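**Student:** Chain residues, written in single-letter form:
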Amino acid sequence: MREDAQITRRALLGGLSAVGVAVAVGGLTVAAPAPAEAQQFGLQETVDAALKRIFGGRAMKDGGGKIKLEIPLIAENGAVVPVAVSVDSPMTPADYVKHIYIVADKNRIPVVARVALAPEGGRAFMGANIRLGETGDVRAIAEQSDGTLWQVKREVKVTVGGCGG
Amino acid sequence: MADIGKVRIRVPSSIKAGDVVQVRTLVIHPMERIERDKQGKIIQRNYNYINKVVVTYLGKTVATFDTTQSVSENPFFSFTFRATDPGQLRIQFFDTTGGRYEGTTEIRFS
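From first to last, the protein sequence lines are chains R and C. Residue 1 is where the first sequence starts when you use the numbering used here, and the numbers rise one by one after that. Residue 1001 is where the second sequence starts when you use the numbering used here, and the numbers rise one by one after that.
Looking at chain R on its own, in the form it has when it is part of the complex (with noise of 0.2 Å):
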């Protein structure tokens, strides 16, 4: 009857544990890679580094007469600087824009975003409010649907640094 009464409390006490042993664990393995998947796009790298991590080394030609990218020539304020960028693009479901890259040379995170299109966009453009660290190339890479991959970059002046970091 003892024995009976200290076996169920052992039993207990071990499935008690385990329980817990495994909250923890679940709990751990849940929190833990959200934050470096969420910071994955977003690296602190060179330009190159991130341009190869990328685009893995595809050849880019230069889009000068087809990608439209409105951005100061001098930005006051480094904080917020307005970004537009428009491709030359028919946006049928053909032959259509899939990605707008714009990448800051000079910024510890180069890549400021990258916007997925449809077709059902009409017009290939898109605008942002982007950080400037300092004085470099602003780049904008337009992505189409064939995989041609088109680039302009332009410099920016800044007279005060926006990035902090």
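There could be a bad hint or two in this list.
DSBU-like, lysine-lysine: derived pairs with alpha carbons at most 35 Å apart [as the list claims (entries may be wrong)]:
1) R:153 - R:68
2) R:106 - R:61
3) R:68 - C:1016
4) C:1052 - R:153
5) R:157 - R:106
6) C:1016 - R:157
7) R:66 - R:98
8) R:157 - C:1038
9) C:1052 - C:1016
10) C:1060 - R:52
11) R:98 - R:52
12) C:1016 - R:106
13) R:106 - R:52
14) R:106 - C:1006
15) R:52 - C:1041
16) R:98 - C:1038
17) C:1052 - R:61
Over 12 Å on every C-beta distance to chain R, these chain C residues come out as not near it, computed from the model [said to hold, decoys possible]:
18) 1025
19) 1062
20) 1103
21) 1109
No lab work stands behind these hints, which were simulated from the structure alone. Predicted, not measured: the structure shown is a model, and the values here were computed from it. For every residue, glycine included, the Cβ atom is placed at its ideal position computed from N, Cα and C.
Model the placement of chain C on the given structure of chain R, informed by the hints.
**Tutor:** Just chain C, lined up with the frame of chain R:
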């Protein structure tokens, strides 16, 4: 910072069927920058910034923005879509702490 997550959407006042419409949107969000300690080392933590913006119109995704900390505080975005039918335009913002902010507007023809 009670306003975090407030979404504003601006569409042109008059839209005709078939028009390509440019929409401007803004969300109130701190978009935390990377912080460094006195030695200049990056403090590793989960920074709270918006990393995804999804635009849907009539249930279809029109544009998706993947954004990083190089985007300004209170991020502003603009994009276009072809207004084929009256219906709902919905913009969802996701941040790295699991926050989800949403704004909708009705597209009507005049």
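**Student:** Next, verify each hint and record whether it holds.
**Tutor:** Evaluation of the provided hints:
1. Simply put, residue 153 (chain R) and residue 68 (chain R) have alpha-carbon atoms about 10 Å apart, close enough for the 35 Å limit, and the pair holds.
2. The straight-line distance between the Cα atoms of residue 106 (chain R) and residue 61 (chain R) is roughly 22 Å, inside the 35 Å bound, and the hint therefore holds.
3. As the CA atoms of residue 68 (chain R) and residue 1016 (chain C) are separated by approximately 26 Å, the hinted pair is consistent with the 35 Å bound.
4. Distance check on the hinted pair: residue 1052 (chain C) and residue 153 (chain R) sit about 24 Å apart at the alpha-carbon level, within 35 Å; holds.
5. For the given pair, residue 157 (chain R) sits about 11 Å from residue 106 (chain R) by alpha-carbon distance, which is consistent with the 35 Å threshold.
6. Of the supplied pair hints, the one linking residue 1016 (chain C) and residue 157 (chain R) is violated, its CA atoms being roughly 40 Å apart against a limit of 35 Å.
7. Between residue 66 (chain R) and residue 98 (chain R), the direct Cα distance comes to roughly 15 Å. Compliance with the 35 Å bound is thereby established for this hinted pair.
8. For the hint pairing residue 157 (chain R) with residue 1038 (chain C), the CA-to-CA distance comes to about 28 Å; that is within 35 Å, so the pair holds.
9. Annotation: proposed proximity of residue 1052 (chain C) to residue 1016 (chain C) holds, straight-line Cα distance about 30 Å (limit 35 Å).
10. Distance restraint check for residue 1060 (chain C) and residue 52 (chain R): the Cα-Cα separation of roughly 32 Å lies within the 35 Å cut-off, and the hinted pair is therefore satisfied.
11. Distance restraint check for residue 98 (chain R) and residue 52 (chain R): the Cα-Cα separation of roughly 19 Å lies within the 35 Å cut-off, and the hinted pair is therefore satisfied.
12. With a C-alpha separation of about 42 Å, the suggested pair residue 1016 (chain C) and residue 106 (chain R) falls outside the 35 Å cut-off, and the hint is violated.
13. Proposed proximity of residue 106 (chain R) and residue 52 (chain R) is supported: the alpha carbons are some 16 Å apart, at most 35 Å.
14. A threshold of 35 Å between alpha carbons decides the hint, and for residue 106 (chain R) with residue 1006 (chain C) the separation of about 31 Å falls inside it, so the pair holds.
15. In summary, the hint linking residue 52 (chain R) to residue 1041 (chain C) is supported, as the alpha carbons are separated by about 25 Å, within the 35 Å threshold.
16. The suggested pairing of residue 98 (chain R) with residue 1038 (chain C) is violated, with an alpha-carbon distance near 42 Å, which exceeds 35 Å.
17. The suggested pairing of residue 1052 (chain C) with residue 61 (chain R) holds, with an alpha-carbon distance near 28 Å, which does not exceed 35 Å.
18. At the 12 Å boundary, the C-beta of residue 1025 (chain C) falls inside the reach of chain R, the nearest C-beta of that chain being 10 Å off.
19. Not every CB of chain R is more than 12 Å from the CB of residue 1062 (chain C) (nearest about 5 Å), against its label as outside the interface.
20. Against the 12 Å criterion, residue 1103 (chain C) stays outside the reach of chain R, whose nearest CB is about 16 Å from its own CB.
21. Residue 1109 (chain C), annotated as away from the interface, keeps every beta carbon of chain R farther than 12 Å; the closest lies near 15 Å.
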